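As you go down the protein sequences, you meet chains X and P in turn.
Heads up, the first sequence is in the numbering used here, so the first residue is 1 and it goes up one at a time.
Heads up, the second sequence is in the numbering used here, so the first residue is 1001 and it goes up one at a time.
Keep in mind the hints are simulated off the structure, nothing from the lab.
Heads up, some of the hints might be wrong.
Said to hold, decoys possible - Now the in silico label distances, taken between C-beta atoms and shown as ranges: (1) P:1019 / X:5: 44 to 52 Å; (2) X:402 / P:1460: 54 to 62 Å; (3) X:26 / P:1031: 26 to 34 Å; (4) X:443 / P:1031: 43 to 51 Å.
Note that this is a predicted model, so its numbers are computed, not measured.
Every residue, glycine too, gets a C-beta built ideally from N, C-alpha and C.
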Amino acid sequence: MSQDLLYLAPIISVFAGALLGLLVEALAPRVYRFEAQTCLSGATLVVALIFAIRTFLSSNSRKTAVLGSVTVDGPTLGIWMLLLGFAIGAVVLMAERRAHGQTSAFTAQAATTPGSPDERAFLAARNEHTEVFVLLMFAVGGMLVFPAACDFLTAFVSLEVLSLPLYLLAGLARRNRAISQEAALKYFLLGALSSAIFIYGVALIYGSTGSFDYAQIADSLGQLKTSDKTIYAGLGLVIVGLLFKMGVAPFHVWVPDVYAGSPTAVSAFMAVCTKLAAVGATIRILFVPLGGLRWSWMLPLACIAVLSMLVGAIFGLTQRNLKRLLGYSSIAHAGFILMAIAMATTGVVGTQVGEFGSVGVSLFYMLAYGLATLGAFAITLLVRSSGGTEASEIYVWTGFGRRNPWYGIAMVVFMLSLAGMPLTAGFIAKLYVFALAWFNGYAWLAIAGLTLSLLTAAMYLKVIRLLFLSGGAAPSGSDNDQPTPTTSQASKPLNALIALCVMGTVFFGLLPSQFGNIAAAASVLLR
Amino acid sequence: MLSLDIIAMQAPVIFQVSWLLIAVPLLVAAVLLLVGDHANGVAPLLGVAGVAIPLGLAVTLLVTMLNLGEQSRAVTVSLYEWMSFVGGGVSFALLIDQLSILFVLLITGVGTLIFIYSCGYMADDPGRRRFFALMNLFIAAMLVLVLADSYLLLFVGWEGVGLASYLLIGFWQHKVSASLAAKKAFMVNKVGDLGLFAAIALMFTQFGSSDFHAVNARMDSSGSVVPVIMGFTLLLAALAKSAQVPLHTWLLDAMEGPTPVSALIHAATMVTAGIYLIVRSHAIFALAPSASLTVTIVGAVTIFVGAWIGATKDDIKKVLAASTMSQLGYLMVAAGLGPVGAAFAIFHLLAHGVFKANLFLGAGSVMHATGGETDMRVFGRLRRVLPWTCLAFFCGYLAIIGFPLTSGFYSKDHIIAAAFEQSMVTGVALAVGAALTALYMTRLWLLTFFGASRWDEDVKPHESSSIMVFPLVILGLASLGGGVALNAWIQGWLQPAIGNDVIAAPLIELTWQSEVAFGAVTLGVLTGWLLYRRPLAVQPSATTNPLVRAGANELGLNQAIDALIVRPGWALTSAVGAVETHVIEAGIDGIGSCATRASQQLHRMQGGNVRSYAGVVVIGTVIVVAALVIGIWL
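Chain X extracted, bound-state conformation:
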């Protein structure tokens, strides 16, 4: 039992931290609350990360804990480590106050109507919602359980645990509150729909197999009559529910609106951590209980992957808002990850390119994508229009790199990595994915991916071109009186985060084998 607790320590510490955060919220004086919450959530996540790393390093035997509802195996630990690492980054983004003129990016009082006198009073009092950190911690807790769950009920509960705080967080922007609230509502309504679809699928699977437990479902698949089509309908509905959270086209419709409307820190958190948890859960659900049906789902998933890359690339190309562009970018990248998952190879032959299984490739892809996306959102946070609001309209970025060479270079690195240029982690990640498809007999998919990655590169190159153009005025036709946008000063932790993201992107681009071994160790799924 104590061993069980050790395995579950990351989850326990995150939830404990969240509950402790509630206490802080109730007891600590308002002036200290922001710092206290920042430190508490940061420290909790670090502790959880240390637990996860310890478990990963300490034993090769992975196991099922808590009456068989959570599996702590290689993929779980791999995802946990990435997730916690990126969550720490998200906390840094959320805690950024210097860039926002010494207030947090979250609304002063969520209960007030946007634009009302009440709201102005709270703004004048420099009120801050410090509950956002608690919400983040609960979401992280849900994200930890979701990919580790080994029965559908736990999976569904954790899915809701991770989603509900996100719906709230999306609506808490300090500026442009109406858009933020609209985003939250959209996210909630569509999220509710997807949850319903998911749970309906679970019900159908239960109907066919008589179990929620992954292992038992896997066992009973063999005894199903071939005429039983219920299980396939259930499979389809479950896949839709998962792909919605991953943000894969055509279940991506919420992504651009929500990313653009939410506070930037929350967008970054959703783009990286939510996607990571969803990828982990998708891998486990498709490979463990439904692995026996893989001949049915491989081809449809491959087609959906192509569609997603296509949608992300085409729509991203014409985007004029950087946060929306990153949203479409995340849709395209979800397609690349889905391509790896659709190959359905669990085993690891070796650590060379082309020998990795789907799990290792997905993990590496998420690492590369997460570093670049988190960094890009962090820089987005710094560009302000004259009123002090975040200026994510893309023309505002004209000449940004000339005025701020260091941030400019960092942004170029992130964009190149997202575009998949050699010497960045993004290139290695794409190489792994294409090699996986190629060596698994899906040459057409590899070629389609390669072609579409060229198309996606266009949107990132567009950003790079803007960064180093001279000037910075609005495009002709729009309001020319608009003063030049400014770049706010970032706090030290934020600068450190950006630097870390750059270094990680370049490091894994130059020495990919460093992560390859870890990914290989984290590749074996426990049934």
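Knowing the structure of chain X, use the given hints to seat chain P on it.
Just chain P, lined up with the frame of chain X:
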């Protein structure tokens, strides 16, 4: 190939630090570029150190190698492994062997002298710091090129020298002609880069690796088509880099750069990279006789074309550039001859690197003295005012025409003899080339230093400062004595690395080939003397001789390329542009404006927004479920 198997562990420690050869100039370049104007004062000193330290290291390496047995001289120093994949991998290592060390010595040795010379030549230039930074960048890239143990790393250096060359040709950015020349050099070289890139891609698909060792080892089992394709793609790369017909047109324009740049990059080192590539790829060309034959033919044509152009140009740097083309043609012929010529290609390459650097620096000294003038028609009688330059130039002159006992004599005669052995036609072509070389060099020599002084009244020629004369004298002495020093030794030294034949090479040997060569040279010198001994009119009128006009016009090759490639290229580009504007952009704009309009529409009625989103999700769900359920009926 056994020698390549020596692992670095057993080799002396000095090999382990060989990466410093590249790191030092790279660091200097980075410091000079990043520190900014604070470094202006130390730029020359730091710049010279950036190439002198590698020179010291290279000499130490050579001495170490001389003390080792023949089998353990070639050492591969692993740097790092980028990735490995099924059936191959990408790792980077330095290969220090008999061939690469000679190149390193040439680059750093001649480089050091040219850098010292530049301290004087560029003393008054406001962009001095940038100049030394870029020169160091070039040295680093060039050393990567010759020290690489794989074609991929070689390609990194190849692109690096191309970049440095581009930046240095256009160093005086305020001159439109300089930036145009830089662009031309870059674009023409891109054609060659494509060839090298294609060859490397082919190597990866065929052998899973681009290491010299692996490629050479697996070459034999690659069938008959692969070596030919590789040979021709590598040849394309070499043509552009080494300025061979028809990709030679950039070299004459490249003289827009500062003269030390012309001396180092466009005479002594970078332009020889193509020959290095071919000699290094001897295993490929051995299996592709048609490619080797093409190398020889291209080289022979270039000797002739270069000499012709050189005999007609009036600009001293352009004559020397044409001469470089022509001499590179000799190297090409020798490299194309295979084992009989490979060692002599390297021999002449080294000799040419030294004497051509000497000639260029001499020309630079003349320009320095006359206020930047390059037109030989307004020189004359400069031997009186530039005695040291004149003397050093004379050494280079003797070497390039192949006067007995000078370095050019040994290196070139071997090539001519080998060519005669191969075929009479090649031999005769090379002998004619030698005669033409003697002709145009005599012309240059007489026009510049003899006859009546034709410079303007207000030009006051003066001997250069000693910091510029010193490198000239050293290079002059090396041009005279280098051949005697290397003649007997070089074939045996290179044999393990490039698999050349070793033949007896006494200091004085009277064979009919050498007599023919000497006769050709004498004929050329005499013709030149007869034509140009008379004092030239101060401003000679335009010539009507069609041969001369064709040569001065670079045989119309620029126009031919313009008509055949550039203009159709422009047409194609504008066609593509039109397609883009009217078809693709219109389409994308259409999609974009539809999306914009749609999103505006949706923003106005917020309820409909989510409903339509939900509609998309539901339709998608229906399709996915249907696909899965129908899937099992099939």
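Evaluated hints:
1. For residue 1019 (chain P) and residue 5 (chain X), the Cβ-Cβ distance of about 50 Å falls inside the hinted range of 44 to 52 Å, so the restraint holds.
2. Checking the proposed 54 to 62 Å range against residue 402 (chain X) and residue 1460 (chain P) shows it is violated: the Cβ atoms sit about 46 Å from each other.
3. In this structure the hint that residue 26 (chain X) and residue 1031 (chain P) lie 26 to 34 Å apart at CB is violated, the actual value being about 57 Å.
4. The beta-carbon spacing between residue 443 (chain X) and residue 1031 (chain P), approximately 48 Å, falls within the hinted interval of 43 to 51 Å.
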